[in-house]
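*Asks:* Sequence:
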Amino acid sequence: MDFSEFRRLLGADPRNQDPAFLEARAASPEFRDASVEADRFEDWLERALALEIPPDLLDRIREIPRKDESPAHRAAEHGTWWRFAVAASLLLAVGAAGLTWRMNTGWNSVDDYVVDHYQHDGLAVLAMADDPRAADVSGMLAEFGATMTPALAGIVSVVKKCPTPDGKGVHMVLNTERGLVTVIYMPETPVSDGEQILFDDSEAVLVQLRHGSAVIIGSRLQNVSEFRSLVQESIVTADGNT
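To convert, take the position in the sequence shown, counting from 1, and add 1294; that gives my numbering.
Hints listed in this document are in silico derivations from the structure and should not be mistaken for laboratory results. Please read all numbers here as calculations on a predicted model, not as lab measurements. All C-beta atoms, glycine included, are put in the ideal place defined by N, C-alpha and C. One thing to keep in mind: the hints can contain errors.
As the list claims (entries may be wrong) - Quick list of the computed label-pair ranges, beta carbon to beta carbon:
id, residue 1, residue 2, range
1, Leu-1515, Ala-1421, 14 to 24 Å
2, Thr-1443, Ala-1321, 46 to 56 Å
3, Arg-1326, Gly-1448, 47 to 57 Å
4, Val-1330, Asp-1487, 39 to 49 Å
With the hints as extra help, turn the sequences into a complete structure.
*Replies:* The structure is reproduced here in C-alpha cells:
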C-alpha cells in the first residue's frame, strides 16, 4: 500500500481494523506520523462531541447579549453560552463534513471517482460473488426509479448500494463468459459516453444513460467496452426509457 492510498484510507476510516491497513500504520516513520496525527484528531473530536448539548440551545444562543448591555453582564453570560454555541457549530460542521465525505471524498472528476471507488471496494465486492444468495437488483434499482431488462438482470450476481459523485448509486457484479465484471450505476451523474479509463491492470468504460450513467470495470484482458451496448440498452427508467 503506497502512502497516498494509506492517507486516503486514513482520512475515510481512521479506526479501520483491516489487517493490511493496520500493518501499513507501522510501515515507516511517515506512516506512523500520519497515524498519530489522525488518532490525535479523532480523540479530540470524540471529546468535543461528548459535550452535552441542552435541548434549549437555540433559545440560549438567541439570547446572546446585545452590544448595548454592560461589559459586566456580558462577562457573566459569556461563561455559560459560549460552550453551547461552540458545540452547536462543531456538530453542524461535523455533520456537514460527514455527509460531504459520503457523497464526495474529494473526487475532482468522474475518472477520479471510478479509480478511487474501485480501488477501495472493487475487489471486496467481486469476492461477494461466491455468495449463493440471489441478487435483488430489481428492488435496488427501483429505489432510484430504474429497472433492468432480463438480458442483464439474469447475469447479476452481486448488488449493493454505494456512493457516487452526486449521491447514492448501485454497485453490481456481472457473471459473464469472460469472468466477473463490475457495473456501477450512477443515477445523477452525467458522463462522456464511451470514455475509457485505464488504471492499474483495469479498464473502465463510461456509459451515458437517459437517466444517469454507468461505468463498466474489468481487467484489460476482458475488453469490457464490448458490454457497453448491453448496459446502455438494459438499464432503463421505470417507464421503459434507457
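*Asks:* All the hints need checking, so say for each whether the structure fits it.
*Replies:* Hints and how they fare:
At about 19 Å, the beta-carbon gap between Leu-1515 and Ala-1421 stays in the expected band of 14 to 24 Å. At about 47 Å, the beta-carbon gap between Thr-1443 and Ala-1321 stays in the expected band of 46 to 56 Å. Separation of Arg-1326 from Gly-1448 is about 49 Å and conforms to the stated range, judged on CB atoms against 47 to 57 Å. A beta carbon spacing of about 46 Å between Val-1330 and Asp-1487 agrees with the range 39 to 49 Å that was offered as a hint.
The structure is consistent with each of the numbered hints, conforming to all of them.
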